[in-house]
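Engineer: Note that the protein sequences, when read in sequence, are chains A and B. Using our numbering, the first residue of the first sequence is number 1, and each one after it goes up by one. Using our numbering, the first residue of the second sequence is number 1, and each one after it goes up by one.
Hint data in this document are derived by calculation from the structure and do not stem from the laboratory. Treat the hints loosely; a few may be bogus.
Claimed, not checked - The list that follows gives simulated cross-link-like pairs (lysine-lysine, DSS-like), each with its CA atoms no further than 30 Å apart: (1) A:K139 / A:K255; (2) A:K251 / B:K70; (3) A:K84 / A:K139; (4) A:K251 / A:K322; (5) A:K138 / B:K70; (6) B:K160 / B:K187; (7) B:K90 / A:K198; (8) A:K198 / B:K160.
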Amino acid sequence: MEMTSKQRLLTALKGGVPDRLPVTTHHLQDYFRNTYMDGKTDIEVFDHLGMDAIHWTEPYRPDPSQGEYFDPLQEAPTNPSFSKRIVSDDWCITHEALPDSRYKTIRYTITTPKGNLTTVLQSNEYTTWVTEHLIKEKKDIDIVGEYVTAPKCNVEQVNQEAEAFGERGLVRGTICGFDISGQPGTWQDAAVLVGIEKLILATFDDPDWVHELLGILNGRKEVYIRSLKGAQYDVLELGGGDASTTVISPKLFRKFVAPYDARLIELVHEAGQRIAYHTCGGMMPILEDIAAMEPDAMETFTPPEMGGDARLAEAKQRIGDKVCMIGGFDQYHHFVNSSEEDTRAAVRRRFAEAGEGGGYILSPSDHFFDADANLLAAFADEARQCRYQ
Amino acid sequence: MDEIDEIYEAVLDGDMRATPEYVQAALDAGVSASAILLEGMIAAMNEVGRLFEEDEYFVPEMLIAARAMKAGLSILRPFLVDAGIEPVGKVVLGTVQGDMHDIGKNLVGMMLEGAGFEIVDLGTDVAPAQFVEAVRNGVDILGLSALLTTTLSSMESTIKAIEEAGLRGAVKLMVGGAPVTDGYARKIGADGYAPDASQAATLAISLIA
Ligand code: B12
């Protein structure tokens, strides 16, 4: 019997065998939708290409009893899946545009009773990035620890959206990242705040300070996770590429990543939710370490041609019975400058390597910006023909 | 252990405090600056590169080894100048326009420094005109790094800009970064490509040989 997209994705997510290979993608980039898809919405893109859909949503709510409210100075996020920030009188966020001939450049200032923290973000037509990190001196984390707000999940809104989305696919969220430019994984969040090279060096020079920072960020995420009870999410994302072995060592992963993110995964399960652990970068030396944190799924299995190291068949053998695997597809060589036959053949290879016994969702290994619509359609179509029954 | 071995081990362990101390002790004991550089520090960085290729060292170990080497070099540099030991070549590095990824580029710089090159790092998000300017000022090798598929085109336009400025013959061009391949490097007219920092050092040496 033909499954709905939701049944298919959920079956694979739980490690089971769906009717056919589920096929989806990670976040669709605005640049891609506008340049190649005539500005279609996410769901329109999924429908147009015949993929199993994902609805991303992350609505927050403030806790007025703790003096929290939505940031009145923040313009509404352009992407409807992002929430407005939660601030308080002791954690106020202002922003100003800085003159720059090349990029839109914005300085954010967080004002607290014990001083200000600043960060600068730049953006172009593709994306946004940090050019000045928020945490510049060791003592900055004391301010964060004392005054940072912790968002809570607006469960009612998630559930309304989940009802409306119905059988079309999965409802996906993210473990809250830090304000302004945060990321789900604890280490990943810290890397954005401090700068990854500086953070790596600090693990050697002042490990206690790094643990203190990770603890503060973890605490904030814990509050969010506890508020997730009853939310009809299918899966939430944690992790990030700065915790991959392209960037850090297995040793650092075991000391500074796993203890924190494993704790969050445990709490997520207590809140009745599932986790997809995201590692866009090298994973092979730490496959078992990631699986030992007991996420429900692991992604992105980026192949060597894209800067990762995934050998999908070997990964399937090593951890495929413990977690659902998501990703593994080389979007760089098969969504552009490829032929439909080559793209289809690549889909077949991924199915042969990781499809057996289910528990596998085909997806590009993370983001893509440029993609040929015909190749994407071939990618989705070939996956639809990879049948289990 | 003799003085050189101590320096070698300290760099390999990324010991930023011990390395300059051992360098000073070796100089005090009359070991030549060139032996300290070649047999101590450069040999250690070669080993770091080998361990990295073997997946025994990862980026963090490489970062601290390079930092230790830098600390040692700060003591050694005046003695190298006195002894008339010149860098083997000058390399200008940068991440191309629109791209902020710099870990890979920095490691390449460190390994090249470890191989005896003088490095000028232009940073990230470097416009073609800035690269052209650097080449005009005299350099043996220009190294371009890109990590985003969307910024590979900046790599190509940088090489075009160097050609248009009539400087292509004056410099060797090497390129790298996760999405870059040997084929792509050839297509855009680079002289060489290396998949990682230690092979970048080998490549640079071959380019100026
Ligand atoms: C760390 C990281 C970041 C950090 C960078 C921190 C920093 N200071 O560099 C941060 C968080 C800032 C970041 C930002 C973004 N990133 Co990023 N990032 C990564 C990640 C996880 C690792 C890259 C890395 O540092 N690797 C470690 C180093 C050591 O490896 P390397 O760079 O490849 O370098 C080695 C070789 O390539 C070679 N080499 C490198 N340069 C050169 C130069 C020469 C001359 C030579 C010879 C050799 C050489 O030697 C190096 C050492 O061995 C990759 C994942 C991946 N699979 O690569 C994504 C990745 C590159 N990022 C990606 C994306 C999408 C982004 C963002 C757009 C996301 C966003 N919106 O925030 C922004 C872009 C910002 C911008 N304008 O540049 C995508 C790119 C996808 C694509 N289609 O292009 C990747 C592939 C992740 C993914 N799977 O989606 N990122």
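Engineer: Each of the hints needs a verdict: does it hold here or not?
Structural biologist: Hints, verified against the model:
A hinted pair counts as satisfied when its Cα atoms are at most 30 Å apart, and K139 (chain A) with K255 (chain A) qualifies at roughly 22 Å. Proximity of K251 (chain A) to K70 (chain B) is assessed by CA-CA distance (about 24 Å); at most 30 Å being required, the pair is judged to hold. For the hint pairing K84 (chain A) with K139 (chain A), the CA-to-CA distance comes to about 28 Å; that is within 30 Å, so the pair holds. For the hint pairing K251 (chain A) with K322 (chain A), the CA-to-CA distance comes to about 22 Å; that is within 30 Å, so the pair holds.
Distance restraint check for K138 (chain A) and K70 (chain B): the Cα-Cα separation of roughly 24 Å lies within the 30 Å cut-off, and the hinted pair is therefore satisfied. At roughly 12 Å between alpha-carbon atoms, K160 (chain B) and K187 (chain B) fall within 30 Å of each other, so this suggested pair holds. Taking the CA atoms of K90 (chain B) and K198 (chain A), the gap is about 27 Å. The hint holds against a cut of 30 Å. Restraint check for K198 (chain A) and K160 (chain B): the C-alpha separation of about 34 Å exceeds 30 Å, so the hint is violated.
The structure shown violates just one earlier hint, number 8.
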